[in-house]
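The listed protein sequences derive, respectively, from chains A and B.
Just add 1 to the spot in the first sequence (first one is 1) and you have our numbering.
Mapping of the second sequence onto our numbering: position 111 corresponds to residue 107, and the numbering continues sequentially without gaps.
Since the hints were derived computationally from the structure, they do not count as laboratory data.
No experiment lies behind these values; they were computed from the predicted model shown.
Label-pair restraints from in silico Cβ distances:
#1 B/P18 / A/T3: 19 to 29 Å
#2 A/D123 / B/T198: 30 to 40 Å
#3 B/S185 / A/K16: 50 to 60 Å
#4 A/C99 / B/S26: 48 to 58 Å
#5 B/P196 / A/G54: 42 to 52 Å
#6 B/S26 / A/E71: 27 to 37 Å
#7 B/D115 / A/E85: 51 to 61 Å
#8 A/C136 / B/S10: 35 to 45 Å
#9 A/E71 / B/R58: 23 to 33 Å
#10 A/E122 / B/T167: 36 to 46 Å
Pulled a few chain B residues facing chain A out of the computed Cβ check, cut under 8 Å:
#11 A61
#12 T62
#13 A63
So these bits of chain A aren't anywhere near chain B, every CB distance computed over 10 Å:
#14 V13
#15 E71
#16 G92
#17 G95
#18 D115
#19 P139
#20 D151
Backbone N, C-alpha and C fix where the C-beta goes; we use that ideal spot for every residue, glycine too.
The primary structure of each chain is shown beneath.
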Amino acid sequence: MTIDFILNGEDVSMKAEPMERLSDLLRDRFQLSSLMSDCLEGRCGKCLVFLGGHLVNSCLVPAFRVRGAEIITYEGFKSTDTHELVHTSFGQEGVELCGFCDAAVYMAAGSLLDAAAQPPEDTIMETISSVYCRCATPSATLQAVHTAVDLKFGGKYGRAR
Amino acid sequence: MTKGDRSGDDRPVSILDLHGIPELTAVHRSDRFLELGACVTLSTILSLPDSLALDPLREGIRSIATASVRNLATIGGNVSAHDFFMTCFSALACMDAAVELRDTTGARWAGIHTLIGEDGRPAFPVSTIMTRIRIPSLHWDFATIRRLGEQTRGEPCPASFSAAARVEKGTIMELRLVAAGRTIVRDRSLELSLIGQRLPLTPKLIETAEAAASVMARERELDAVRADRYGSAVAAFLYDMQGQSR
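Next up, chain A with everything else stripped away, as it sits in the complex:
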């Protein structure tokens, strides 16, 4: 079947079997190397993309599901201010991630910053735990994410008047 969708802001079209994995298609057809196909079961979180603005595991998305949808991969996310903010925060906290994990962790952190208001603590923890990453200790990663959240929302919320 022919599938039309928006990939990183560009209209694209491809022929694919309906049940092919989005992660495979993005890597093989569009050479998007930030997507890692590791567990293929949604556990590792290394293949995260934004599908219609929601963070999802692309290995679990069948090709037919992306018809008419907007997909943003790390390659597209990298050019946003949100990425800049996340990257700065991780640098400030001295958290260095390997090339296998960084894209997914940055996107997970970025998804928290796109919210209208400061995300609650349990949402932060649940979202970051979507990526199985042991490059840094979970507490260090969380600290970096908190720094990013503070940079984005700091001064606007959570302070008594």
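Given chain A's structure and the hints, the job is docking chain B onto it.
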């Protein structure tokens, strides 16, 4: 496709893409019930206001997979699994949910128990789609859900235990105890034996309930390990209930 469907044989897989139908992703709320389209994602349910009486469903959803998977997984998919009952099923059975089923003859509402076969195993009607799930807006004084087994730990089949109770003036007025895995276990005689009892329950009564629950679970072919865990979960819920009611 839901868990348990197979695409590896020679037959081409027929796919009906439902996600673009607005009715299936709608959430409707009234005084008496909450209605969820079958394609409402689990993360959408978690984002509903805390004021809605959604436990044990909300707690159960929180225990499912990761936040990014919950952005994809739908309540309809969770309830319609073919091989075994997934987490939401036990919670919805506990909450007396109803489902809207549609086939060529039209649409009909039915209790969620119609999706259970006579042998206690999942029995989703053929050539039928589920379009909506209706959950009564009833407040439970005590509600819990816990896993009795995890597929991720290499156990053969996941299972969950859901319980809900309403207490008035120290007396149990309503009680639901449901275990769901490969089969579903709900012992109404056990529930009835506990309804009307005053809190605190005696340790002997709780031990009897634990033993009865385990026996019932074994009879319904929930495997031995999960049957024992079910008994323990029943006892833990009863102890927890009287602990909190003090």
